[in-house]
Structure formats: structure tokens, C-alpha cells
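All chains, full assembly: derive it from the sequences and hints.
Protein chains in written order, with our numbering: chain X, 1 to 201; chain V, 1 to 221.
Bear in mind the hints are in silico, worked out from the structure with no lab data behind them.
All of these numbers come straight from a predicted model, not from anything done at the bench.
Incorrect hints may have been included.
[As the list claims (entries may be wrong)] Derived lysine-lysine pairs resembling BS3-like cross-links, with alpha carbons at most 30 Å apart:
1. V:K40 - X:K158
2. X:K174 - X:K158
3. X:K189 - V:K38
4. X:K174 - X:K70
5. V:K38 - X:K158
6. X:K189 - X:K158
7. X:K87 - X:K158
8. X:K174 - V:K38
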Amino acid sequence: MEPGDEELMQEVKRGDMRAFDVLVRRWENQLFNLIYKIIGDFETAEDIRQEVFLRVYRAASRYRPHSQFKTWLYRIAINCSINELRKRDRRRTVPLMMSYQTKDGRQQYLEDILPDLNPQPDEIIQRDEIAGCIQNALRRLPDEQRIVIVLRHYEGLKFHQIASVLGCPLGTVKSRMHHGLERLRMMLKHLRWEGGANYGL
Amino acid sequence: MDCEQARGLIVEFLYNELPSESVSEFQEHLAECEDCLKYKEEIQNTLECLNQVEELRAPVDLAALHDAIDRRRHRVGKFLRRRWPVWATIGVCGIMLSIFALFVSEIRYEGNALTITFNGQETDSLSERTARVLAAYREDQLRFQAQLSGELRASVAALSQMINEYESHRDRQIAGAFQQMQIQQHQTLLAIQKELEILASQTEDEFKRSYLTMAALADLQ
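Listed below in C-alpha cells is the structure:
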């Protein structure tokens with residue numbers, strides 16, 4: 001039977017590089033996909049993943065087996081990703097996440113009314129283009145909503161685990177998820193693709 | 001349960017995280033409310049949509065990662081290497097201070113004098129050295145003053161002799177108009193003698209004052 005992550009971390013703590021390599025191989029793709037969905041840029045995601053593994057190695061001596069390895073790893077990954085997003089925010093000059101209140105009381109995000117790369121409602125797109133459209137829609141969500149959706153939907157973390165990773169109240173996590181999905185619903189409702197079900201609503 | 005409450009629970013319901021006691025209440029509401037049912041289906045479809053994203057494969061370059069770990073481990077060493085001139089200077093100063101400390105047995109600061117004792121042998125304090133310089137200066141001045149006042153007094157004596165000679169021979173050798181000139185010359189010589197005497201005594205006074213100033217300075221030191 002293969003050793004668990006916590007056992008491997010005990011080996012890493014003793015300076016065993018092979019145990020560290022096993023951990024890296026076990027988590028490399030999952031970690032990459034998590035960061036890539038949050039950051040949206042392949043090369044930056046690779047750099048951040050490298051930074052995460054470096055931090056894991058350096059923090060091994062402080063790792064306490066009572067916390068689940070996955071939660072601990074994701075906390076590091078999310079912190080590194082948030083740092084990158086903040087750096088980008090500082091570089092960005094026009095706030096694309098600006099919103100205003102519409103007549104019927106809805107929150108309208110400026111970015112949603114700008115011309116986008118998504119196909120028009122009557123356009124049928126190729127199956128391999130869908131991923132791009134969804135990635136694009138995810139990218140346009142506010143960071144905190146995107147992070148919660150990625151952790152819940154793609155990484156399968158329970159809401160209370162997400163609250164622990166992000167260090168915020170459970171209610172905040174659920175509300176971010178709800179608002180994020182609501183925005184995605186608006187952005188993706190016209191999406192139809194060849195040979196697949198019609199998700200146009 | 002109203003529509004707003006039901007919509008707030010949709011996400012938890014779809015991810016099977018809704019507590020069982022709320023599930024039946026939620027489902028009852030959906031059975032009655034067509035709008036909420038439709039909304040739930042839309043959210044469900046959105047989640048279905050999200051599933052279309054394929055997971056990517058991006059293996060880690062283990063060699064590069066190991067290198068990065070080594071680089072970071074040696075960052076402290078690198079920091080020291082990059083700033084070697086600073087560390088070298090600090091090191092040399094430290095060694096010199098240690099050697100100095102080996103030979104010094106006592107450092108004392110009393111009043112205004114800093115005294116350093118090298119293995120029991122006391123070195124001159126600053127005020128002692130100043131006093132020695134001042135003493136040498138005073139000696140030079142005394143010598144100069146003695147020489148100058150001696151010469152001045154010799155001139156005064158020579159003049160007195162000349163005046164006496166004029167006085168004793170005045171009646172016999174010079175008469176008439178010359179007598180007046182003699183008297184004037186006599187007076188001029190007397191004035192010069194007086195001035196010279198004043199100068200001699202003033203020089204002495206001046207020197208005395210300068211000794212006092214020097215002495216006061218030495219005391220201050």
C-alpha cells in the first residue's frame with residue numbers, strides 16, 4: 001500500500017528527497033489545474049506551483065500531521081495565487097470589476113456589458129472551444145468568487161473546508177459561491193455546442 | 001420557506017451539503033414553485049457547463065525544482081558572499097579590537113582625562129601632554145624676554161652715560177645758540193630713555209600675562 005501524504009511529509013521532515021518527489025508527482029497536476037483556473041495563465045500557474053512546492057519543502061519541519069495535508073497544501077497554493085492576483089491588481093489601471101445598480105435593483109458589472117470573446121447566442125461552437133469560453137467566463141468573475149467555485153466544483157472541497165483554507169466564515173463562502181454561480185449562469189446561458197446538449201436556457 | 005430562502009439553499013442542495021432536515025422542506029418548496037424549480041435547473045446546467053473544462057497535464061521539472069530548493073537553501077551563503085567587503089572590514093576591525101583588548105588592562109575616564117593602562121603601565125593622559133608642551137613654550141619665552149630686556153637695559157645705561165657727559169661739559173665747551181640745541185638733544189635723549197624703560201617693563205608685563213594665560217589653559221586641560 002502506498003504511503004499517505006501525511007506519512008510522506010514525515011519523511012520529508014527528515015530530509016528524504018525521494019518522499020518529496022513522490023508528493024510532487026502525486027499533486028503536480030491537481031495543483032496546476034487549481035492554480036491555472038484561478039490565475040488563467042499557463043506559465044504563471046507553473047511558476048506559482050513551483051513556489052508552492054518550495055514552500056511545502058521549507059515548511060515541512062513546521063507541518064503538524066493533525067491538519068489534513070490537502071487543506072494545508074491548498075492553503076499555501078491559494079495564498080500564493082492571491083499574492084499574484086494582488087500584484088496584477090496593482091499593475092492594472094482600469095478597474096474592470098466596477099459595478100453599478102440597475103433600475104430593477106440588480107448589480108450590473110461593467111465587464112459583463114463590454115464586448116467579450118464568448119460566442120453569440122445563435123452561434124454553435126466546437127466542443128474544444130467550450131473549455132476556452134468557460135475559462136474566460138471564470139476569469140471574469142471577481143477573484144474571491146472564482147476561488148470558491150474552483151475549490152468547490154473542481155477540487156471537491158466541502159464548504160467548511162473552503163472556509164478553513166481561506167480563513168473566512170462559512171456563510172461568506174456559501175454567499176460567494178451563490179453569487180459566483182449566478183453570474184456564471186448569466187454569462188453561460190447562451191452556450192450551445194456541437195453534438196452536445198443545448199445549455200441555452 | 002420562501003423563494004429567497006430556497007434560492008439561497010440551491011448550491012448546498014446541488015452539492016449534497018444541505019442538512020437532511022432542510023432537504024425535504026426545500027424539495028416541498030420546489031414542488032410548489034415553478035420559478036424556483038426553473039432557477040435550480042439553470043444553476044444545475046451551469047454546473048454541468050463547468051464540467052466541460054478538461055483537466056490539463058503539466059508535469060513538474062523535478063531537476064529544476066531541486067535546483068530551486070538548493071538555491072534557496074544557499075541564499076544565506078549567497079548573501080554573505082555578495083557583501084564580502086563589508087564582512088571583511090567588520091572582521092578586520094574585530095580582530096584589531098581583540099588584539100587591543102588583549103594588551104589593555106584598564107581604561108579610566110576621570111574628570112576630563114582619558115587614561116589607558118597597557119598591562120599595568122599608565123600612559124600619559126591628555127592634560128599631562130598639554131602641560132609639557134606649555135612648559136617648553138614658557139621656557140622659550142623666558143629666555144627671549146631675558147635677552148631682550150638685558151639689551152634694552154644696556155641701551156638705557158649707555159644713554160645715561162651720554163647725558164651725564166653732556167651735563168658736565170655743557171658750560172665749558174658749548175655756549176650761545178649751541179646750548180639750546182644741547183638742551184633739546186638732552187630732552188630727546190631723556191624721552192627716549194623713558195620710552196625704552198616703559199617698553200622694557202611693558203615687555204615683562206606682557207610676558208607675565210602670557211604665562212598666566214598659558215597656565216590657565218594648562219589648568220583647564
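Evaluated hints:
1. V:K40 - X:K158: holds, 20 Å
2. X:K174 - X:K158: Within the cut-off at roughly 10 Å; holds.
3. X:K189 - V:K38: holds, 13 Å
4. X:K174 - X:K70: Within the cut-off at roughly 20 Å; holds.
5. V:K38 - X:K158: The given pair, whose Cα atoms are some 25 Å apart, holds under the 30 Å limit.
6. X:K189 - X:K158: holds, 26 Å
7. X:K87 - X:K158: holds, 29 Å
8. X:K174 - V:K38: holds, 21 Å
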